[in-house]
Amino acid sequence: MSKTWSEIADIRPGIWQENNRRWATPQHYTCSYMAMFPPQLPHYFITRFTDIGDIVLDPFSGRGTTPLQAMSQGRIGIGNDLNDLAYCLTKGKIGNPNLEEVSKRLGDLQKNYRREDWMRSSGKMQPIPNKIRMIYHRETLRQLMYLRKELDWKNDDVDSFLAMVLMGAMHGSSSGFLSVSMPNTFSMGWRYVKKYIHENNLKPPNRNVFEILKERCNRFLKMGTLPAQGIAIHGDVRNLDENKKISHGSVKMIFSSPPYLKVIKYGLYNWIRLWWLIGDHRSIDKKLDDAHSLSNYKLFMKDVFETMLPLLDPERGIACWVIGDVNDMNLAKTIWDDVGATIQANDSEGNVTGYKLLGIVEDTIDDNEKVTRIWNAEKDKSGKATPVDRILIMCHENANVDSILGNEKMHWEPILN
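Taking numbering that gives the first Met the number 0, I'd label the letters of the sequence shown as residues 0 to 416.
One should not assume that every hint holds.
The calculated lysine to any residue pairs, modelled on SDA-like cross-linking and capped at a C-alpha distance of 20 Å, are [claimed, not checked]: (1) LYS103 with ARG147; (2) LYS194 with ASN129; (3) LYS286 with ASP235; (4) LYS301 with GLY349; (5) LYS202 with VAL179; (6) LYS355 with ALA344; (7) LYS202 with HIS136; (8) LYS221 with VAL157; (9) LYS130 with VAL179; (10) LYS193 with TRP275; (11) LYS285 with TYR259; (12) LYS110 with GLU99.
Cβ-Cβ distance ranges computed for the label pairs, FRET-style [what the hints assert, rightly or not]: (13) ASP116 with SER292: 29 to 37 Å; (14) SER294 with PRO204: 21 to 29 Å; (15) ASP302 with SER246: 17 to 25 Å; (16) LYS103 with ASP302: 40 to 48 Å.
Calculated from the structure, these hints are not laboratory results.
Cβ coordinates follow ideal geometry from the N, Cα and C atoms, glycine included.
All chains, please: the whole structure from these sequences, using the hints.
As structure tokens, this is what we get:
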């Protein structure tokens with residue numbers, strides 16, 4: 000028997016590591032993405048710190064995990080990302096169409112597809128790079144090119160859902176994917192893929208895009224639509240405070256993972272999907288520019304924190320930043336000490352304010368279901384950090400801390416300034 004929305008929302012918070020890998024709403028599992036965190040993690044904090052109807056924002060939404068999870072728990076989920084692929088995935092999930100709408104649209108697309116119109120001689124087939132041709136059968140490519148022309152994924156909720164599902168089907172190792180058998184669901188370098196195809200004597204399979212999309216849509220929408228709505232934004236996080244879709248002081252929770260302090264080529268590692276979306280991946284790596292030095296990363300996070308401050312509810316808003324250790328550095332603590340603690344910016348009412356540290360939580364739960372390690376600049380001078388994720392938790396410096404932490408759903412040991 001399938002789970003209901005209420006059963007998902009009522010799973011005990013705080014035990015995200017114990018939840019089954021496929022525990023959450025099926026839409027979470029439509030497409031892989033670099034540096035994604037599991038839905039159990041935002042679920043825990045959404046349950047702990049927000050109520051039904053609250054706004055939950057992820058300014059670096061990636062594949063849309065936070066806003067989707069917020070919507071599945073009856074909150075309003077808002078996701079922003081500068082990466083076209085991330086925007087496509089987030090928008091597809093937030094669009095929240097029902098299976099009847101999606102099935103009708105997909106059926107119409109399949110009925111209107113004319114193979115002869117997409118033969119090379121027809122003029123509709125644009126030049127396709129050889130590195131793409133080695134991955135897909137020519138019949139599959141014709142259908143992909145047709146859908147590329149027909150799906151208005153930036154403006155239509157149903158089409159955005161179909162594009163999002165298609166991104167997850169673009170390549171993989173089983174018959175449920177469209178490509179030649181690939182080592183994993185991330186885009187390996189094309190030279191590696193070419194060598195892999197040659198060494199394993201692989202031939203692109205003739206896969207019907209419409210049928211694979213139909214099977215996937217049935218699977219991902221089997222629980223129906225989500226109980227709440229959301230908003231997808233395509234833009235630079237540093238401009239969010241000027242976006243009219245988010246009112247100042249309206250965000251009850253920010254839950255996000257900023258770009259990694261190391262080289263993650265979000266474009267290169269998704270060059271196949273980005274070929275279908277925008278034609279090429281190189282522009283993504285140029286505009287994301289994630290290869291920050293520590294000093295530049297701090298400047299970037301300063302801009303981010305200043306931008307988020309007026310959006311956050313000054314009384315009960317809370318910001319949770321998932322930040323991974325780098326080598327032997329507790330980066331979350333470094334960002335708080337050198338950036339978060341120094342912020343002075345205008346709040347939603349124009350008053351100069353800053354942040355208060357509530358805690359830095361390691362992504363580990365002990366046998367007593369409580370947070371096991373919380374750092375504070377005055378208490379932890381060791382600098383010895385393990386390579387784990389930590390959640391930096393902050394609020395407005397004049398926020399009502401008792402109302403934020405008064406929820407008894409979890410044993411919580413905050414560190415206050």
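Evaluated hints:
no.: 1; hint: LYS103 with ARG147; result: holds, 18 Å
no.: 2; hint: LYS194 with ASN129; result: holds, 14 Å
no.: 3; hint: LYS286 with ASP235; result: holds, 10 Å
no.: 4; hint: LYS301 with GLY349; result: holds, 18 Å
no.: 5; hint: LYS202 with VAL179; result: holds, 6 Å
no.: 6; hint: LYS355 with ALA344; result: holds, 13 Å
no.: 7; hint: LYS202 with HIS136; result: holds, 8 Å
no.: 8; hint: LYS221 with VAL157; result: holds, 16 Å
no.: 9; hint: LYS130 with VAL179; result: holds, 12 Å
no.: 10; hint: LYS193 with TRP275; result: holds, 19 Å
no.: 11; hint: LYS285 with TYR259; result: holds, 16 Å
no.: 12; hint: LYS110 with GLU99; result: holds, 16 Å
no.: 13; hint: ASP116 with SER292: 29 to 37 Å; result: violated, 51 Å
no.: 14; hint: SER294 with PRO204: 21 to 29 Å; result: violated, 49 Å
no.: 15; hint: ASP302 with SER246: 17 to 25 Å; result: holds, 21 Å
no.: 16; hint: LYS103 with ASP302: 40 to 48 Å; result: holds, 44 Å
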